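Chain by chain, the residues:
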Amino acid sequence: MDWNLIFENTLKGFIGINAVYFAIAALGLNVQFGYTGLLNFGQAGFMACGAYGLGMTAHYFDISFWWGIPIGIVFSVLLGLLMGIPTLRLRADYLAIVTIASAEIIRLVVRSVKFKTYFGGSDGINGFSDSFRSLGNDFGIEEADEYGFWPFKFTGRELWTLIIGWLLVALFGFVVYKLMKSPWGRVLKAIREDEDAVKSLGKNVYSYKMQSLILGGVIGTVSGMIFALDRGSVQPDNYSRDLTFYILTALVLGGVAKVSGSIVGSMMFWGLFTFMDNFLRQVAKDPVSIGNFTIMKSTQVGQLNFILIGITLILLMVFRPQGVFGNRKEMAFDGH
Amino acid sequence: MAVQDGFGTGFLGRVVFQVKSSLRSSPLIRLFILAAAIFSVLGFALSPAQAEDSEYALRIQVKDQVRTSDGKTDNQPVPGVEVTVTDSSGLVVETGTTDAEGVLIISVPTRADYTVSLNEATLPSGEKLDSRTPAIQNVLTDSFVTKTKVITYFTGESQNVSQSGFERVAQRFSDGIRLGLILAMCSVGLSLIFGTTGLTNFAHGEMVTFGGIMAFVFNVTGLTFLGFLGFIPGIRDDGTFHIFWAAPIGIILGGGFGWALNKGIFGPLRRRGVGLVTQMVLTVGLSIALRNFFLSRFEGRTRPFADFSLQKAWDLGPINITPRDFTVSILCLIILVVTALGLRFTRLGKATRAVSDNPDLASATGIDSEKVIRLVWILGGCLAAAGGIFRGLDEQVSFDMGGRLLFLLFAGITLGGLGSAFGALVGGFVIGILVEVSSLVVPTELKTAPALVILILVLLLRPQGILGRAQRVG
Numbered sequence: 000m001d002w003n004l005i006f007e008n009t010l011k012g013f014i015g016i017n018a019v020y021f022a023i024a025a026l027g028l029n030v031q032f033g034y035t036g037l038l039n040f041g042q043a044g045f046m047a048c049g050a051y052g053l054g055m056t057a058h059y060f061d062i063s064f065w066w067g068i069p070i071g072i073v074f075s076v077l078l079g080l081l082m083g084i085p086t087l088r089l090r091a092d093y094l095a096i097v098t099i100a101s102a103e104i105i106r107l108v109v110r111s112v113k114f115k116t117y118f119g120g121s122d123g124i125n126g127f128s129d130s131f132r133s134l135g136n137d138f139g140i141e142e143a144d145e146y147g148f149w150p151f152k153f154t155g156r157e158l159w160t161l162i163i164g165w166l167l168v169a170l171f172g173f174v175v176y177k178l179m180k181s182p183w184g185r186v187l188k189a190i191r192e193d194e195d196a197v198k199s200l201g202k203n204v205y206s207y208k209m210q211s212l213i214l215g216g217v218i219g220t221v222s223g224m225i226f227a228l229d230r231g232s233v234q235p236d237n238y239s240r241d242l243t244f245y246i247l248t249a250l251v252l253g254g255v256a257k258v259s260g261s262i263v264g265s266m267m268f269w270g271l272f273t274f275m276d277n278f279l280r281q282v283a284k285d286p287v288s289i290g291n292f293t294i295m296k297s298t299q300v301g302q303l304n305f306i307l308i309g310i311t312l313i314l315l316m317v318f319r320p321q322g323v324f325g326n327r328k329e330m331a332f333d334g335h
Numbered sequence: 000m001a002v003q004d005g006f007g008t009g010f011l012g013r014v015v016f017q018v019k020s021s022l023r024s025s026p027l028i029r030l031f032i033l034a035a036a037i038f039s040v041l042g043f044a045l046s047p048a049q050a051e052d053s054e055y056a057l058r059i060q061v062k063d064q065v066r067t068s069d070g071k072t073d074n075q076p077v078p079g080v081e082v083t084v085t086d087s088s089g090l091v092v093e094t095g096t097t098d099a100e101g102v103l104i105i106s107v108p109t110r111a112d113y114t115v116s117l118n119e120a121t122l123p124s125g126e127k128l129d130s131r132t133p134a135i136q137n138v139l140t141d142s143f144v145t146k147t148k149v150i151t152y153f154t155g156e157s158q159n160v161s162q163s164g165f166e167r168v169a170q171r172f173s174d175g176i177r178l179g180l181i182l183a184m185c186s187v188g189l190s191l192i193f194g195t196t197g198l199t200n201f202a203h204g205e206m207v208t209f210g211g212i213m214a215f216v217f218n219v220t221g222l223t224f225l226g227f228l229g230f231i232p233g234i235r236d237d238g239t240f241h242i243f244w245a246a247p248i249g250i251i252l253g254g255g256f257g258w259a260l261n262k263g264i265f266g267p268l269r270r271r272g273v274g275l276v277t278q279m280v281l282t283v284g285l286s287i288a289l290r291n292f293f294l295s296r297f298e299g300r301t302r303p304f305a306d307f308s309l310q311k312a313w314d315l316g317p318i319n320i321t322p323r324d325f326t327v328s329i330l331c332l333i334i335l336v337v338t339a340l341g342l343r344f345t346r347l348g349k350a351t352r353a354v355s356d357n358p359d360l361a362s363a364t365g366i367d368s369e370k371v372i373r374l375v376w377i378l379g380g381c382l383a384a385a386g387g388i389f390r391g392l393d394e395q396v397s398f399d400m401g402g403r404l405l406f407l408l409f410a411g412i413t414l415g416g417l418g419s420a421f422g423a424l425v426g427g428f429v430i431g432i433l434v435e436v437s438s439l440v441v442p443t444e445l446k447t448a449p450a451l452v453i454l455i456l457v458l459l460l461r462p463q464g465i466l467g468r469a470q471r472v473g
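Respectively, the protein sequence lines represent chains A and B. For what it's worth, numbering that gives the first Met the number 0 labels the leading residue of the first sequence as 0, then goes sequentially. For what it's worth, numbering that gives the first Met the number 0 labels the leading residue of the second sequence as 0, then goes sequentially.
Hints listed in this document are in silico derivations from the structure and should not be mistaken for laboratory results. These numbers were taken from a predicted model, which means no experiment stands behind them. Any given hint might turn out to be false.
Heads up, simulated DSS-like pairs for lysine-lysine below, C-alpha to C-alpha not over 25 Å straight-line [unchecked claim]: (1) A:Lys115 with B:Lys62; (2) B:Lys148 with A:Lys115; (3) A:Lys113 with B:Lys127; (4) B:Lys127 with A:Lys296; (5) B:Lys62 with A:Lys113.
Derived list of chain A stretches under chain B, where covered just means 3 residues or more per stretch with a C-beta under 8 Å from a C-beta of chain B [what the hints assert, rightly or not]: (6) 83 to 95; (7) 312 to 319.
Below, a sample of chain A positions facing chain B; criterion: calculated Cβ distance under 8 Å [what the hints assert, rightly or not]: (8) Asn3; (9) Ile72; (10) Ile99; (11) Ser111; (12) Gln302.
Quick reminder that beta carbons are idealized off the backbone N, C-alpha and C, glycines included.
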């Protein structure tokens, strides 16, 4: 067992790019779910908006990469309206159903052969991130060079994405924190606690919910952009239902209705995930079995990890629904 | 019925005992034991399935030949093309459609001669097969160099568009009725659980898969320790059961699974007064855990049941249907009618609808709502499992067969009216037909998209659904 390698990878997992885009997406989900009590089960759809916004600049529009940012944001605002208009006047479950369905349909559309001209089909889109990377060179971070010290060693390319990513996490963390302290944010929390009371105070609950859904969605879109930039490609099947579920797990792990919860939760999620993954891979180099019964082969490690994620989410919901660092009083959902 | 009883006491008895004895201990232990019981039984049962890995398959790929302006080939996959594999005696092994990559993988029992025929009517309009790859291709035993034999079709542009209007509509409609019946069956439980407890169960798709996989375990994998039952007709000495046995066993286990979920997880949470959203997020975790568990044990391939996978289709005028699919439809219909009559006329059925309508009022009139909720979980589990088995007969068994139906189930119950059992029946049925028929107009790979349109339109125009009671849902 190579503990050194496990240790190194785990530490990198804590602060790596996966934790970054999870943190941003979880912040968005937190605005909707944690602060407003909206069940958005389609965050992956918003992330796809951002990723495809960037990708389509190269694949379809053939314009400068930077246009991808406003394009992605426009996509996600439209998606937010599509999800919100039919559901936000209704009970919370309807939003969950429509968001999960919309995200799935988005994935089917972008991977379809029919719309391949626009979205690149099931192969996805490559080769849109050069301008972003060359900007790193301008700041003196050479793509191919190695930076950092053990255990935090990154190539220049990774480092550049990481720096921008963590800056964005800080930015959105600050924005969300300030917004939730503002009168606007207090209305959102009040809607979560008692919608009817807010209505009786003359607030337009529907409009506030819509703003919250769209704000969270746009933050999710930025997360999708970081995800796409890190990979240097957009793959439709990355934006599946499961992505939303894992982000939800990270959010709940850290604690809902807290900015630090989203960020710490994502870091914990990826730290633990990387640890389990590396650990189990070493354990399962040879199949583990009792008698004839194979408990685990190396090909099953990935699935076992995801089973553990599911079980973690179940246990959290049973024993600590407010998350590890959450405050029970702020526990968004289910005040009643 | 001796077999089921014998097995029932063994399997269920163990779970009952473990759950009961741990009820008084901490919730953590209770949950752990429940999970361990379900997962270990399933895991042991499925492990031989992955050990024998000697199945043969045909990989059929359909490609559109496209040349870029500089003359390079840039072949595009053609999805949604219907391909049928028949064996040397003319029996249909399997009919399927190509996926988004233009690929269809069909498992075949052994190395043998097969005939692969592509239904040219299902090619995208304007496309026709290249003359080098005729619609009917013969696969010879000797051409299986590896376990998977690849057959490639090429298409190119054609001038004359082939259309067989009425026949295509009729065929889609008959497929749609079958899908609709299966969806209706799966959604009853989802809708009733919602109606009686308020819970939207995101793990319902996995309850569907559970039924399909359990029936597969009995039918194909076999449980060797049950081989002593070989004297009973339909049970073989290696512990595999004919589908006539495996299907009811799967359905009963599905009911047991629903019961166990209620007993082990949701019942205690309700008693503790845990909120609905917390429970809903919990079902998400359950769905992740179960689906990946199925994936790790069953693996990613789709696999057919052992019986009735080879059939010659009946040619009934405009539509072709295999006796298997016809029987599946009839059985679905019978089960649905029995369920509907039971809900309509029996005391328990009436009590169920009463609790679903208004739990407080029902309790006030002396109905034991916990008992009704337990019944609903069992019934829902049975029906979901039955749906999974029928879907498996229709389309083969896979680890996410239910997860992929989940969104259609939601669309169905929303259309019918959340919480209404009859609404779920009608809604599921309508959505099934809509999805299949819509594939005449929209590309097959996007045929579920119209269900989202329906979902959104229903919520905008009539949020209570077709059969739901008009009430404040906001």
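**Asked** For this structure, which hints from the list above don't hold up?
**Response** When the structure is compared with the hints, numbers 2, 4, 8, 9 turn out to be violated.
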